[in-house]
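The listed protein sequences derive, respectively, from chains A and B. Residue 19 in the numbering used here sits at position 19 of the first sequence; the count goes up by one each step and never skips. Residue 82 in the numbering used here sits at position 82 of the second sequence; the count goes up by one each step and never skips.
Bear in mind the hints are in silico, worked out from the structure with no lab data behind them. The reader is advised that the hints may include incorrect statements.
[Stated by the list, open to error] In silico DMTMM-like links for lysine to aspartate or glutamate, alpha-carbon gap of 25 angstroms or less:
{"id": "1", "chain 1": "B", "residue 1": "Lys-140", "chain 2": "A", "residue 2": "Glu-123"}
{"id": "2", "chain 1": "B", "residue 1": "Lys-140", "chain 2": "A", "residue 2": "Asp-128"}
{"id": "3", "chain 1": "A", "residue 1": "Lys-150", "chain 2": "B", "residue 2": "Asp-41"}
{"id": "4", "chain 1": "B", "residue 1": "Lys-140", "chain 2": "A", "residue 2": "Glu-89"}
{"id": "5", "chain 1": "B", "residue 1": "Lys-140", "chain 2": "A", "residue 2": "Asp-242"}
{"id": "6", "chain 1": "A", "residue 1": "Lys-43", "chain 2": "A", "residue 2": "Glu-143"}
{"id": "7", "chain 1": "A", "residue 1": "Lys-172", "chain 2": "B", "residue 2": "Asp-128"}
{"id": "8", "chain 1": "A", "residue 1": "Lys-273", "chain 2": "A", "residue 2": "Asp-242"}
{"id": "9", "chain 1": "B", "residue 1": "Lys-140", "chain 2": "A", "residue 2": "Glu-195"}
[Stated by the list, open to error] Some chain A residues well away from chain B (every beta-carbon gap over 10 angstroms; in silico):
{"id": "10", "residue": "His-36"}
{"id": "11", "residue": "Ala-85"}
{"id": "12", "residue": "Gln-103"}
{"id": "13", "residue": "Glu-123"}
{"id": "14", "residue": "Glu-130"}
{"id": "15", "residue": "Thr-191"}
{"id": "16", "residue": "Gln-216"}
{"id": "17", "residue": "Ala-230"}
{"id": "18", "residue": "Gly-239"}
{"id": "19", "residue": "Asp-258"}
{"id": "20", "residue": "His-266"}
The structure displayed is predicted, hence computed values, not measured ones. Here a beta-carbon is modelled for each residue, glycine too, at the ideal position from N, C-alpha and C.
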Amino acid sequence: MSQAVLAPELTQPSSDEPVVVFENVTIGFDNKPVLHNISFTVKPGETRILLGPAGVGKSVLLKMTDGLLRPDSGRIFVFGEEVSAMPEEQLFALRARIGIVFQEGALFDSLTVRDNVGYRLMEEHRPDDEIDQRVLEALRFVELEHTLHKFPSELSGGMRRRVAIARAIITKPDLLLYDSPTGGLDPITSTTIIELVIKQRDVYHTSSLLVTHRLQDAFVLASHRFNLEANKMEPLPEGHSDPQTSFLVLSEGRLVFDGSTHDLVHSDDPFLKEYLS
Amino acid sequence: MAAIATLDRAARRSVNAVQQYALISGRALGNLFQRPFYGADIITQADIIGVGSIPIVILTGFFTGGVLALQSASTLAQFGAAAVTGQLVALSMIKELGPVLTSLMVSGRNASGMASELGSMMVTEQIDAMRALGTDPLKKLVMPRITATIIMLFFLTIISDAIGILGGAAVSVFLLSQDGSQYFHTAYQSLRYADIVQGLAKPLFFGLIIATIGCYYGMTTRGGTQGVGRSTTQAVVVSSVLIIASDFVISRFMIGLFGR
Numbered sequence: 001m002s003q004a005v006l007a008p009e010l011t012q013p014s015s016d017e018p019v020v021v022f023e024n025v026t027i028g029f030d031n032k033p034v035l036h037n038i039s040f041t042v043k044p045g046e047t048r049i050l051l052g053p054a055g056v057g058k059s060v061l062l063k064m065t066d067g068l069l070r071p072d073s074g075r076i077f078v079f080g081e082e083v084s085a086m087p088e089e090q091l092f093a094l095r096a097r098i099g100i101v102f103q104e105g106a107l108f109d110s111l112t113v114r115d116n117v118g119y120r121l122m123e124e125h126r127p128d129d130e131i132d133q134r135v136l137e138a139l140r141f142v143e144l145e146h147t148l149h150k151f152p153s154e155l156s157g158g159m160r161r162r163v164a165i166a167r168a169i170i171t172k173p174d175l176l177l178y179d180s181p182t183g184g185l186d187p188i189t190s191t192t193i194i195e196l197v198i199k200q201r202d203v204y205h206t207s208s209l210l211v212t213h214r215l216q217d218a219f220v221l222a223s224h225r226f227n228l229e230a231n232k233m234e235p236l237p238e239g240h241s242d243p244q245t246s247f248l249v250l251s252e253g254r255l256v257f258d259g260s261t262h263d264l265v266h267s268d269d270p271f272l273k274e275y276l277s
Numbered sequence: 001m002a003a004i005a006t007l008d009r010a011a012r013r014s015v016n017a018v019q020q021y022a023l024i025s026g027r028a029l030g031n032l033f034q035r036p037f038y039g040a041d042i043i044t045q046a047d048i049i050g051v052g053s054i055p056i057v058i059l060t061g062f063f064t065g066g067v068l069a070l071q072s073a074s075t076l077a078q079f080g081a082a083a084v085t086g087q088l089v090a091l092s093m094i095k096e097l098g099p100v101l102t103s104l105m106v107s108g109r110n111a112s113g114m115a116s117e118l119g120s121m122m123v124t125e126q127i128d129a130m131r132a133l134g135t136d137p138l139k140k141l142v143m144p145r146i147t148a149t150i151i152m153l154f155f156l157t158i159i160s161d162a163i164g165i166l167g168g169a170a171v172s173v174f175l176l177s178q179d180g181s182q183y184f185h186t187a188y189q190s191l192r193y194a195d196i197v198q199g200l201a202k203p204l205f206f207g208l209i210i211a212t213i214g215c216y217y218g219m220t221t222r223g224g225t226q227g228v229g230r231s232t233t234q235a236v237v238v239s240s241v242l243i244i245a246s247d248f249v250i251s252r253f254m255i256g257l258f259g260r
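Start from the sequences, fold in the hints, and give me the full structure.
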């Protein structure tokens with residue numbers, strides 16, 4: 001990893017008011033329930049890892065947080081505003097404070113990497129010089145500045161995912177949502193992506209909600225920290241985990257665990273024991 | 001009971017589809033007058049839809065006019081009225097065949113294009129990504145396609161009418177040995193203001209049908225690449241049927257209005 005180029009502001013959360021609040025949220029599709037009575041919070045600076053088997057509704061939950069889907073019942077608050085009741089026009093403004101990395105990257109395949117990463121700035125009609133500078137900064141963060149003029153189809157799966165991260169962080173959002181950022185990637189590339197997530201967490205202290213079904217990635221996130229001087233992640237001392245990182249576990253549409261890494265590892269719940277084994 | 005339940009589900013799905021179609025089309029058209037205005041996207045789409053369709057519209061128009069002259073001349077000759085071939089070709093092209101055939105060709109080319117492009121964006125979450133990045137896809141993607149299709153189909157129809165009449169003239173003069181000036185004279189003399197209005201009002205409706213149907217099927221695509229294929233086929237079939245059905249309704253209304 002090269003030296004972080006984005007200014008390490010090391011911003012600390014100004015208030016303890018939760019960034020995300022789920023209150024008894026239920027959603028289903030075609031009369032089939034997907035998520036039932038989900039309640040949890042994400043506090044400022046906190047990283048919450050959402051675990052669960054494939055198809056349990058993790059991505060649905062993430063999309064509801066961004067207002068891309070609406071719950072059938074219950075309420076969702078983001079930055080104190082009820083996204084579950086906001087009209088789409090108001091959501092567009094709120095989403096300026098949220099960065100999201102989709103499962104497969106969801107890059108615009110007809111746009112170059114520069115235009116993908118700088119999309120939001122282009123929509124705001126920022127000057128070209130400013131867009132170029134900020135796109136380059138974001139791409140340096142993910143070490144892909146040489147891909148500026150390439151199209152997504154010319155990149156590997158891991159590179160596409162890193163460009164998606166650059167697109168999500170370019171406006172320095174207050175909340176980051178990662179939808180299986182390592183899904184379908186080889187272990188080495190997955191580690192690179194997780195290192196970027198840890199870097200974002202420890203350098204910028206951005207609140208985040210990360211969905212994954214890969215336990216290994218989740219525990220690397222919880223057991224490592226980013227060393228800014230060495231510019232790489234390093235393991236925390238044996239038996240320690242990052243205090244700002246905690247877990248949520250979904251099973252059959254219900255939240256079956258909400259707690260710290262320690263509580264998760266030492267849980268007596270038969271499902272969790274089997275899931276973690 | 002099972003049959004009733006199936007019918008109930010089908011009816012609900014149909015009503016839901018119509019509701020969704022109306023919402024997508026209504027919101028996209030409403031966005032025309034709201035900021036931000038995506039003028040550059042309208043021009044890009046006008047280029048793709050309009051300029052890109054010129055070759056097929058010219059070919060279709062020319063051969064339609066030609067075959068119309070060929071078929072009608074022999075029938076008209078039986079009544080000693082071969083001289084009015086130009087009149088028949090001009091009226092048929094301007095009132096019916098020009099708008100309908102041009103719309104069907106554009107539908108085959110562009111309704112499918114819209115459905116597959118937007119459908120691919122749907123299944124790869126690019127539409128969600130656009131919303132997440134603060135852009136309304138109905139404003140950025142759907143509105144420019146509707147506006148561009150309506151405007152460009154209007155002009156494509158004019159081109160098709162003109163080329164169709166020329167095609168008829170070429171056949172009349174070179175194959176049927178008719179007099180060229182007589183052909184154009186009868187064609188021009190027979191046309192009335194009402195015919196032109198009728199022929200040029202239709203592409204406005206047909207353009208709306210092509211773009212809204214194409215975008216609706218694209219924006220409601222589900223189920224991966226198979227879903228994209230399904231949406232593309234449905235967009236062409238539904239828009240083509242709606243063009244022909246609405247042509248009947250518009251023609252009936254116009255005839256009632258203008259008396260011809």
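Each hint, compared with the structure:
no. : hint                     : verdict
1   : B:Lys-140 with A:Glu-123 : 10 angstroms, holds
2   : B:Lys-140 with A:Asp-128 : 20 angstroms, holds
3   : A:Lys-150 with B:Asp-41  : 22 angstroms, holds
4   : B:Lys-140 with A:Glu-89  : 14 angstroms, holds
5   : B:Lys-140 with A:Asp-242 : 42 angstroms, violated
6   : A:Lys-43 with A:Glu-143  : 29 angstroms, violated
7   : A:Lys-172 with B:Asp-128 : 20 angstroms, holds
8   : A:Lys-273 with A:Asp-242 : 21 angstroms, holds
9   : B:Lys-140 with A:Glu-195 : 35 angstroms, violated
10  : His-36                   : 23 angstroms, holds
11  : Ala-85                   : 17 angstroms, holds
12  : Gln-103                  : 7 angstroms, violated
13  : Glu-123                  : 6 angstroms, violated
14  : Glu-130                  : 17 angstroms, holds
15  : Thr-191                  : 24 angstroms, holds
16  : Gln-216                  : 25 angstroms, holds
17  : Ala-230                  : 33 angstroms, holds
18  : Gly-239                  : 38 angstroms, holds
19  : Asp-258                  : 25 angstroms, holds
20  : His-266                  : 37 angstroms, holds
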